[in-house]
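Novice: Sequence:
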Amino acid sequence: MEIPESMVGRFFWLVGLPLSIAMFLTIPDCRRERFKKWWPATFSMCIVWIGTLATFMCWMVELFGVTYNVRPAVMGVTLLAAGTSIPDCLSSVAVAKRGHGDMAVSSSIGSNIFDVLIGLPVPWFLYTAILRPAGVIGGPQWAPIQSGGLAIMILTLFVMVALVITTIHLSGWILSVKLGMMMMALYVGFLALALMLEYEVIFPPCIPNLEQFTFNA
2 MEIPESMVGR FFWLVGLPLS IAMFLTIPDC RRERFKKWWP ATFSMCIVWI
52 GTLATFMCWM VELFGVTYNV RPAVMGVTLL AAGTSIPDCL SSVAVAKRGH
102 GDMAVSSSIG SNIFDVLIGL PVPWFLYTAI LRPAGVIGGP QWAPIQSGGL
152 AIMILTLFVM VALVITTIHL SGWILSVKLG MMMMALYVGF LALALMLEYE
202 VIFPPCIPNL EQFTFNA
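Using my numbering, you'd call the opening residue of the sequence shown number 2 and step up by one each time.
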């Protein structure tokens, strides 16, 4: 609840004040003595808030894409990816300032693996095991993926991880400004490749409806 000194900080503080008050009222601060044993409730309410905010964020990104006729896969690889990675960026900055460069790098790699192996299959499992698609009663449950370049982008992800390790090795395992510029150049290259794949500038589909895959449960 402390008011920042800078004008920019005060602006964002004022914008986020309603959320800060709501979280203060609903999330027990287990650092305080009387809430010291309430840590399960603190953890649970944090998960609830993350899920609620993520739902609104995905809804707004989807609405933005529909309004401006942008493909969902493009919105996912740009705005949604950036929005969900901001906490990772802030955590990496925090640990890097404390001198834990190894923690910052391992966190970025671990978060990608967590997203692929947990962040994707858990929603797919909940969707296919609990929620039934419209018109499907007693039949196979599935979740459609409408992206022709998804397979190539997944392979590109592993290539990017290898390039990240290579650039860190070339910089002498030291986080520097030069290394940061190289990382940002890699991201721009990945983003350009992903957009060209989605808009079929490169590797256009050879057969009709190739861009729509169906994963059966």
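Think of the hints as simulated: they come from the structure by calculation, not from any bench. Cβ atoms here follow ideal geometry from the backbone N, Cα and C, with glycine treated the same way. A couple of the hints might just be wrong.
So the derived label-pair ranges between C-beta atoms look like this [to be verified]:
| id | residue 1 | residue 2 | range |
| --- | --- | --- | --- |
| 1 | 202 | 123 | 41 to 49 Å |
| 2 | 40 | 98 | 20 to 28 Å |
| 3 | 12 | 167 | 25 to 33 Å |
| 4 | 6 | 34 | 25 to 33 Å |
| 5 | 22 | 44 | 18 to 26 Å |
| 6 | 200 | 145 | 39 to 47 Å |
| 7 | 30 | 167 | 19 to 27 Å |
| 8 | 162 | 43 | 32 to 40 Å |
| 9 | 170 | 54 | 13 to 21 Å |
| 10 | 167 | 143 | 34 to 42 Å |
| 11 | 145 | 119 | 17 to 25 Å |
| 12 | 159 | 25 | 27 to 35 Å |
Novice: With reference to the structure, classify each hint as holding or not holding.
Specialist: Structure-based check of all given hints:
no., hint, in the structure
1, 202 to 123: 41 to 49 Å, "33 Å, violated"
2, 40 to 98: 20 to 28 Å, "27 Å, holds"
3, 12 to 167: 25 to 33 Å, "40 Å, violated"
4, 6 to 34: 25 to 33 Å, "30 Å, holds"
5, 22 to 44: 18 to 26 Å, "21 Å, holds"
6, 200 to 145: 39 to 47 Å, "20 Å, violated"
7, 30 to 167: 19 to 27 Å, "43 Å, violated"
8, 162 to 43: 32 to 40 Å, "33 Å, holds"
9, 170 to 54: 13 to 21 Å, "37 Å, violated"
10, 167 to 143: 34 to 42 Å, "38 Å, holds"
11, 145 to 119: 17 to 25 Å, "21 Å, holds"
12, 159 to 25: 27 to 35 Å, "42 Å, violated"
In summary, the numbered hints that this structure violates are 1, 3, 6, 7, 9 and 12.
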